[in-house]
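Enquirer: Chain by chain, the residues:
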Amino acid sequence: AQSVTQLDSQVPVFEEAPVELRCNYSSSVSVYLFWYVQYPNQGLQLLLKYLSGSTLVKGINGFEAEFNKSQTSFHLRKPSVHISDTAEYFCALNAGGTSYGKLTFGQGTILTVHP
Amino acid sequence: DAGITQSPRYKITETGRQVTLMCHQTWSHSYMFWYRQDLGHGLRLIYYSAAADITDKGEVPDGYVVSRSKTENFPLTLESATRSQTSVYFCASTSGTPFNYEQYFGPGTRLTVT
Numbered sequence: 225a226q227s228v229t230q231l232d233s234q235v236p237v238f239e240e241a242p243v244e245l246r247c248n249y250s251s252s253v254s255v256y257l258f259w260y261v262q263y264p265n266q267g268l269q270l271l272l273k274y275l276s277g278s279t280l281v282k283g284i285n286g287f288e289a290e291f292n293k294s295q296t297s298f299h300l301r302k303p304s305v306h307i308s309d310t311a312e313y314f315c316a317l318n319a320g321g322t323s324y325g326k327l328t329f330g331q332g333t334i335l336t337v338h339p
Numbered sequence: 002d003a004g005i006t007q008s009p010r011y012k013i014t015e016t017g018r019q020v021t022l023m024c025h026q027t028w029s030h031s032y033m034f035w036y037r038q039d040l041g042h043g044l045r046l047i048y049y050s051a052a053a054d055i056t057d058k059g060e061v062p063d064g065y066v067v068s069r070s071k072t073e074n075f076p077l078t079l080e081s082a083t084r085s086q087t088s089v090y091f092c093a094s095t096s097g098t099p100f101n102y103e104q105y106f107g108p109g110t111r112l113t114v115t
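These protein sequence lines map, in sequence, to chains A and B. Going by our numbering, the letters in the first sequence line up with residues 225 to 339, in that order. Going by our numbering, the letters in the second sequence line up with residues 2 to 115, in that order.
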């Protein structure tokens with residue numbers, strides 16, 4: 225079985241400061257990893273994904289994440305946040321194979337950017 | 002419109018009533034999913050479908066029924082709604098292409114059971 229743990233339920237930060245949202249996962253097989261963002265009253269949209277290759281993945285809106293297999297982590301980072309980055313962020317994994325495209329989600333991290 | 006749509010966007014119903022949430026996608030994606038989102042639980046998978054007429058249970062299927070007679074539609078029915086089913090429901094789809102399981106999400110349906 226797979227699981228995803230987002231280590232912080234809420235992260236407050238000031239505008240233009242750097243931010244890191246932490247995600248650890250557990251799986252007995254190779255995984256594909258995703259970060260999604262949800263703005264208020266909207267659906268989820270993909271920020272970035274790790275499928276294979278380079279462990280540093282760049283996504284939209286200046287976000288990036290690093291896949292660390294030894295630490296089973298996939299932390300999301302942004303060097304300088306903006307007010308518009310205020311949203312809920314979800315880490316998710318897919319176990320490939322016969323998983324039928326299913327994603328296992330973490331509980332979410334609410335990022336609040338203060339002016 | 003291209004993409005994935007859900008209807009209704011908002012629904013209030015009474016305990017014991019049957020309610021159906023609709024999901025439609027225009028990409029001909031093979032895989033479709035229903036999630037519910039509750040505070041502190043993230044997204045939990047209710048049911049999923051690998052193709053027309055192929056469905057299977059997810060993490061929290063009790064009290065829900067799905068069908069998929071056409072590739073593009075994946076309705077979710079609450080047979081006898083309960084207050085615990087008050088939630089935001091998201092439909093998603095993916096092509097399931099190997100090495101690319103990115104899911105595309107609809108805008109959600111906010112369901113309140115009174």
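Worth flagging that the hints you see were computed from the coordinates, not collected in a lab. Here the structure is a predicted model, which is why all the values come from computation and not from measurement. Just so it is clear, CB atoms sit at the ideal spot from N, CA and C, and this is done for glycine as well. Treat the hints with caution; some may be incorrect.
[Said to hold, decoys possible] One side only, chain A facing chain B, incomplete, derived with CB under 10 Å:
#1 PHE238
#2 TYR249
#3 TYR260
#4 HIS306
#5 LYS326
[Said to hold, decoys possible] Stretches of chain B that chain A covers, calculated by requiring three or more beta carbons in the stretch to come under 8 Å of a beta carbon on chain A:
#6 41 to 47
#7 88 to 97
Enquirer: Now, for every hint given, state plainly whether the structure supports it.
Expert: Now for the hints, and whether the structure bears them out:
1. A least Cβ separation of about 25 Å between A:PHE238 and chain B goes past the 10 Å threshold, and the interface hint is therefore violated.
2. A cut of 10 Å between beta carbons decides the hint on A:TYR249: the least distance to chain B is about 13 Å, and the hint is violated.
3. With a least beta-carbon distance of about 8 Å to chain B, the hint placing A:TYR260 at the interface is held under the 10 Å criterion.
4. Given hint, A:HIS306 at the interface with chain B, is violated; its Cβ is 23 Å from that chain's nearest Cβ, farther than 10 Å.
5. Given the 10 Å rule on beta carbons, the hint for A:LYS326 holds: about 6 Å separates it from the nearest Cβ of chain B.
6. Check result for the region 41 to 47 of chain B against chain A: holds, 6 residues qualifying (beta carbon to beta carbon below 8 Å, three or more required).
7. Coverage of the region 88 to 97 of chain B by chain A holds in this model, with 4 residues showing a Cβ closer than 8 Å to a Cβ of that chain against a need of three.
Checked against the numbered hints listed earlier, the structure breaks hints 1, 2 and 4; every other hint is satisfied.
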